[in-house]
Amino acid sequence: MDNRTRVLYVALLVAGLAAPAVVYPIFLMKALCFALFASAFNLLVGFTGLLSFGHAMFLGTAGYICGHAVKVMGFPTEAGILAGVAVSALLGYLVGSLAIRRQGIYFAMITLAFSQMLYFIYLQAPFTGGEDGLQSIPRGKFLGLVNLEDDIAMYYFTFAIVLFGFWTIYRTVHSPFGQVLKAIRENEARALSLGYDVDKYKLLAFVLSAALSGLAGATKALVFKFETLTDVHWHMSGEVVLMTLLGGMGTILGPTVGAFIVVTLQNYLSALEGWVNVITGVIFIICVLAFRRGVVGEIAAFLKKA
Amino acid sequence: MAGDIILETRGLTKEFKGFVAVNKVDLKVRRGTIHALIGPNGAGKTTFFNLLTKFLPPTAGQILYDGEDITTEKPAQTARRGIIRSFQISAVFPHLTLLENVRIGLQRSMGNSFHFWKSEAVLGTLDAKAMALLESVDLGAFARTVTVELPYGRKRALEIATTLAMEPELMLLDEPTAGMGHEDVDRVKALIRKVSAGRTILMVEHNMSVVSGISDTITVLQRGAVLAEGPYAEVSKDPGVMEAYMGTAH
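Chains as they are written, first to last, in my numbering: chain A, 1 to 306; chain B, 1001 to 1250.
If you are wondering where the hints come from, they were derived from the structure by calculation, not from laboratory data.
Since we're looking at a predicted model, the values are computed, not measured.
Worth double-checking, as some hints may not be accurate.
Using 20 Å as the maximum straight-line C-alpha spacing, the simulated DMTMM-like pairs for lysine to aspartate or glutamate come out as follows [to be verified]: (1) B:LYS1155 x A:GLU188; (2) B:LYS1074 x A:ASP199; (3) B:LYS1074 x A:GLU273; (4) B:LYS1118 x A:ASP2.
Between the sequences and the hints, there should be enough to build the whole structure, so can you do that?
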């Protein structure tokens, strides 16, 4: 990490700590959860070269599991989140084991198929509340001490979780394992011929991505105190692709920037109702046509040239 | 490890929906030699290579390495035995630096390739060895360059450095000079001769002149089957080869 990057990260950390004084905390928490979700997705698409089109299943599953564990089974908050993450990781292992046998569009279709199956299971299963969703999930107390019903307390709790998620992703990308992932992304056949069982590496990347998506989903369920079918709908799987591409696939900060842009648009343009989708669609088209590397990718390329 | 023959195929056959790409090939590669496999386009050379490295399963026949049957092994398993292949088009990791490319070859034996919780700084211990390998193919000066910026001939040299990082006993080179200009061809020829010390090389070549100077044995394939085998002097005078491969006007 060079000095300029370090300064940027510190500045972002400070901004994150100060933000709730200026901006509505619920909005910030929503953006942070999506930033983590998109970053987890990017670990797979940007650093391993696997485009999943069913990532909503990990977000939503962890949300339901965490919500159910906390509300119905009386789990403490932290245990509820862990349960959500664990189930998403397990789901990632099962889906990943099957999906990584295929590449490209077929991989995307298998992940989409699984997420659609889960969608309909969650629509019917009694514990999810079906169309109504899982309502009034208690946020509980952090370590039994700090009451998270307070939005500011919940904000710092969320901020810490998301930071942990980012750190895990950063560490993974810049680890010996991350090097092999990049090699697989760059030239799979060559990595195979150098003795790497590429499927095992892809599977671990898939499980990590699923677990971190679950972390985002479980936290998000606590932030909003409800979990609905929106989080497992295929629209959500598409939205995370949009966030990642818009911000910059394969960059560390890109998905976060993309998530903030998309969430901001949805939030501030919500008066326009259905037109929000048209506007994000147009932005997406412009992004793909004019700056394919995404916001962060383009800035990085510009700084490199300068 | 004993035995004069490092690699042997027995009746190796590959059919694609009725089309026989490789037809009962019996091949013996002697340890420590440079063995070339030549033949016109579509003779089955690359398919044969893909069979040896398990990128394709054979329809029939056996592959023996050091006398052991490895026919049903997976590609990564075979690679770990020390059979490392190159590809017809250059097989590098384009958006990694040259140093990182070679480190990928060295890294697996460190046993930390699944460690996602460690910093990549631990790979720094491989840098000296990686640099030495880059120097050996005259790429030391480019260690921090991103590979995509290299000219084609140098990418092939990098590929050989990465392959050497695996300390292969048997190197399989798939058309190492394909698509190269004259100076690059000579450079790669010299490199192949240099790296052949202490190991065995089996190379596929389209171009007879490339293999003439450096190979000990040449096997000529035609329509998936062995047409002739022997040293260059012998093979090049074989009437069947002259007619089929070089044209009767030779």
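Here is what the structure says about each hint:
Only pairs whose Cα atoms come within 20 Å are accepted, and LYS1155 of chain B paired with GLU188 of chain A is accepted, the gap being roughly 17 Å. A threshold of 20 Å between alpha carbons decides the hint, and for LYS1074 of chain B with ASP199 of chain A the separation of about 12 Å falls inside it, so the pair holds. A threshold of 20 Å between alpha carbons decides the hint, and for LYS1074 of chain B with GLU273 of chain A the separation of about 54 Å lies outside it, so the pair is violated. Between LYS1118 of chain B and ASP2 of chain A the CA atoms are separated by roughly 19 Å; this keeps the pair inside 20 Å, and the hint holds.
Taken one by one, the earlier hints fail for this structure only at number 3.
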